[in-house]
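*Asks:* Read off the chains here:
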Amino acid sequence: MSSEIHQQSVYQDMTIVDADAHVTEDVADIIPYMDDGPIHHRIKNTTNFKSDILSMSAPAPASLTYYGSETDTENKAIASDDEDGDTHLPGADGETMLGHMQEFNIDYAILSPSTFLGINTINNPRFSVPLASAYNDWVIDRFLDIDTSFRSTILVAADKPDLASEEIDTHAAEDGFVGVALATAGLKPPLGHERYDPIYQAAQDHELPITLHGVSSGMIKTFPSIYEWAETKAESIFYGHHLTNIWNIVSAMARGLPARYPDLDIVFQESGISHVPYLKWQLDDLYMEFSEEFPYLDQLPSEYFDDNFYFTTQPIGMTAKDRSQLATAIELAGVESIMYAADFPHPTFDPPAELYNRLNGQLGDEQERAIMGTRALEVFGV
Amino acid sequence: MTWHEVIESDKLDPGSRVIADIRGTEIAVFNIDHDYYALANYCVHAGGPLCEGPIEQSTTVADDGWDWEYDDRTAVLCPWHHWKFDIETGDSLDSELYSVPSYETKVENDMVYVKR
Numbered sequence: 001m002s003s004e005i006h007q008q009s010v011y012q013d014m015t016i017v018d019a020d021a022h023v024t025e026d027v028a029d030i031i032p033y034m035d036d037g038p039i040h041h042r043i044k045n046t047t048n049f050k051s052d053i054l055s056m057s058a059p060a061p062a063s064l065t066y067y068g069s070e071t072d073t074e075n076k077a078i079a080s081d082d083e084d085g086d087t088h089l090p091g092a093d094g095e096t097m098l099g100h101m102q103e104f105n106i107d108y109a110i111l112s113p114s115t116f117l118g119i120n121t122i123n124n125p126r127f128s129v130p131l132a133s134a135y136n137d138w139v140i141d142r143f144l145d146i147d148t149s150f151r152s153t154i155l156v157a158a159d160k161p162d163l164a165s166e167e168i169d170t171h172a173a174e175d176g177f178v179g180v181a182l183a184t185a186g187l188k189p190p191l192g193h194e195r196y197d198p199i200y201q202a203a204q205d206h207e208l209p210i211t212l213h214g215v216s217s218g219m220i221k222t223f224p225s226i227y228e229w230a231e232t233k234a235e236s237i238f239y240g241h242h243l244t245n246i247w248n249i250v251s252a253m254a255r256g257l258p259a260r261y262p263d264l265d266i267v268f269q270e271s272g273i274s275h276v277p278y279l280k281w282q283l284d285d286l287y288m289e290f291s292e293e294f295p296y297l298d299q300l301p302s303e304y305f306d307d308n309f310y311f312t313t314q315p316i317g318m319t320a321k322d323r324s325q326l327a328t329a330i331e332l333a334g335v336e337s338i339m340y341a342a343d344f345p346h347p348t349f350d351p352p353a354e355l356y357n358r359l360n361g362q363l364g365d366e367q368e369r370a371i372m373g374t375r376a377l378e379v380f381g382v
Numbered sequence: 383m384t385w386h387e388v389i390e391s392d393k394l395d396p397g398s399r400v401i402a403d404i405r406g407t408e409i410a411v412f413n414i415d416h417d418y419y420a421l422a423n424y425c426v427h428a429g430g431p432l433c434e435g436p437i438e439q440s441t442t443v444a445d446d447g448w449d450w451e452y453d454d455r456t457a458v459l460c461p462w463h464h465w466k467f468d469i470e471t472g473d474s475l476d477s478e479l480y481s482v483p484s485y486e487t488k489v490e491n492d493m494v495y496v497k498r
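Same order as they appear, the protein sequences are chains A and B. Last residue of the first sequence: 382 (our numbering), numbering continuous. Last residue of the second sequence: 498 (our numbering), numbering continuous.
What the hints contain is simulated information worked out from the structure, not anything from laboratory work. A couple of the hints might just be wrong.
[As the list claims (entries may be wrong)] Quick list of in silico lysine to any residue cross-link-like pairs, SDA-like style, CA-CA up to 25 Å:
hint: 1; chain 1: A; residue 1: 160; chain 2: A; residue 2: 170
hint: 2; chain 1: B; residue 1: 488; chain 2: B; residue 2: 407
hint: 3; chain 1: A; residue 1: 188; chain 2: B; residue 2: 447
hint: 4; chain 1: A; residue 1: 160; chain 2: A; residue 2: 138
hint: 5; chain 1: A; residue 1: 50; chain 2: A; residue 2: 275
hint: 6; chain 1: A; residue 1: 160; chain 2: B; residue 2: 446
hint: 7; chain 1: A; residue 1: 50; chain 2: A; residue 2: 293
hint: 8; chain 1: A; residue 1: 188; chain 2: A; residue 2: 260
hint: 9; chain 1: A; residue 1: 188; chain 2: B; residue 2: 449
hint: 10; chain 1: A; residue 1: 188; chain 2: B; residue 2: 393
hint: 11; chain 1: B; residue 1: 393; chain 2: B; residue 2: 488
hint: 12; chain 1: A; residue 1: 44; chain 2: A; residue 2: 28
hint: 13; chain 1: A; residue 1: 160; chain 2: A; residue 2: 322
hint: 14; chain 1: B; residue 1: 393; chain 2: B; residue 2: 472
hint: 15; chain 1: A; residue 1: 160; chain 2: B; residue 2: 448
hint: 16; chain 1: A; residue 1: 160; chain 2: B; residue 2: 472
hint: 17; chain 1: A; residue 1: 233; chain 2: A; residue 2: 170
hint: 18; chain 1: A; residue 1: 188; chain 2: A; residue 2: 363
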């Protein structure tokens, strides 16, 4: 795949890190990594994993092919065929994903799940805990053992924080794992609640950042009332990603999460960066007015943003009209909190050039390199 | 700098305050358990009449990490947006970026003075 914007890019001498790359796992791939038994049996024999095991439902089918959705039976737009004629979806295995990364000059990919981002929509943790563990073992086999360009977060089932903590302990020492994925679809209560403290403690102890990532078809669990009145896929993307992260950011600040775990980095993925200035300003204002309700915080919320929070750029939105606006938005959000993400291979993905061509020359070479890759290397300890 | 008479001490009950015009500046004198403190009646946030707001104890988290309890700081809340300033120091309770001017006080012959 190539495009004019891709060919015009001038970032080839930079280290490019996709801080939110997606594997495109199928539950059939994961099942062999589960222990035999009744849970394994039930999952293996379910007819619709997304609704029978997960509670994933989009308010409406996407009008066009959409990776990872129920309508992706023609999901071939950027799939590739091998010499035997078999089709490989991007993100289905390490070899296929490497080819696409090379095409975009992406040096490292921080891997997130796709369907399994719905892990916390599962009501019964007897299912979610072994599924998350099996997913992690699959990622090792299909990606981390394939190439050192891949790093992954450890997927955890949030309903059992103690077991999640054990899962973190199990994988933290392995080179390929560089963070902890706390999938926000169905994550209730939200981020700031103390029930997740074992997860935060384990992540902080192992110096692993937490990544927060929503999913559009998971909003049914997170925002049921909003889901009921959403009529389109486009709406669910906003609610499932952007609004979910905003909800969790406010929760984290109101419950003093960054003050309770001062060495824990939290990376908010797939909700862009333009909401960040608004949240910093508004939370500072609310904090000063209602500070008696924020007794855990020792400084302004915006200062915790600067110290503990990171935001990946995708989706940067329609910023082509005036490229200076994107640089301004990044400066308002906090230049040192921002890192590039492609979200490849989902259809909302941003090629490196889509970000870099609009930043080039505006933030200085060092900051531009940091945003495109070196900051992610540092935050994820690659 | 000059000491200015503000009010007779027996006319300012504990927990109350009086606002005086001292050389063109509105300055409030607070009686906190018979200790006297003086702050400019001006909120650095938006210019509100800070010292006309309620007086409250500062809230903190108890040692158990759970309960909320009062600490030993007494604050005046700006009536406009509830920004809180330590009556003893003039410092914001919530951010080291903000403080309002505070003034020395003394009591002599039952008269409260402010130095400005």
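*Asks:* With reference to the structure, classify each hint as holding or not holding.
*Replies:* Now the hints, each set against the structure:
A C-alpha spacing of about 15 Å is found between residue 160(A) and residue 170(A), which places the hinted pair at or below 25 Å, so the restraint holds. Between residue 488(B) and residue 407(B) the CA atoms are separated by roughly 19 Å; this keeps the pair inside 25 Å, and the hint holds. Proposed proximity of residue 188(A) and residue 447(B) is supported: the alpha carbons are some 22 Å apart, at most 25 Å. With a C-alpha separation of about 21 Å, the suggested pair residue 160(A) and residue 138(A) falls inside the 25 Å cut-off, and the hint holds.
Our distance criterion of 25 Å between C-alpha atoms is broken by residue 50(A) and residue 275(A), whose separation comes to about 30 Å. At most 25 Å may separate the alpha-carbon atoms for a hinted pair to count; residue 160(A) and residue 446(B) meet this at roughly 24 Å. Under the criterion of a C-alpha separation no larger than 25 Å, the hint pairing residue 50(A) with residue 293(A) is inconsistent with the structure, at around 39 Å. Simply put, residue 188(A) and residue 260(A) have alpha-carbon atoms about 20 Å apart, close enough for the 25 Å limit, and the pair holds.
Restraint check: the Cα-Cα separation between residue 188(A) and residue 449(B) comes to about 23 Å, which is no more than 25 Å; the hinted pair holds. Distance restraint check for residue 188(A) and residue 393(B): the Cα-Cα separation of roughly 56 Å exceeds the 25 Å cut-off, and the hinted pair is therefore not satisfied. A threshold of 25 Å between alpha carbons decides the hint, and for residue 393(B) with residue 488(B) the separation of about 15 Å falls inside it, so the pair holds. This hinted pair checks out: residue 44(A) and residue 28(A) have alpha carbons roughly 8 Å apart, not beyond 25 Å.
Between the alpha carbons of residue 160(A) and residue 322(A) the distance comes to roughly 46 Å, so the proposed pair goes past 25 Å and is violated. Of the pairs offered as hints, the one joining residue 393(B) and residue 472(B) holds, with about 23 Å between alpha carbons and a cut-off of 25 Å not exceeded. For the hint pairing residue 160(A) with residue 448(B), the CA-to-CA distance comes to about 22 Å; that is within 25 Å, so the pair holds. Taken as a hint, the residue 160(A) and residue 472(B) pair is broken in the structure, with Cα atoms around 47 Å apart against an allowance of 25 Å.
Using a Cα cut-off of 25 Å, the hinted pair residue 233(A) and residue 170(A) is violated, with the two alpha carbons roughly 37 Å apart. For the suggested pair residue 188(A) and residue 363(A), the alpha carbons sit about 38 Å apart, so the restraint of at most 25 Å is broken.
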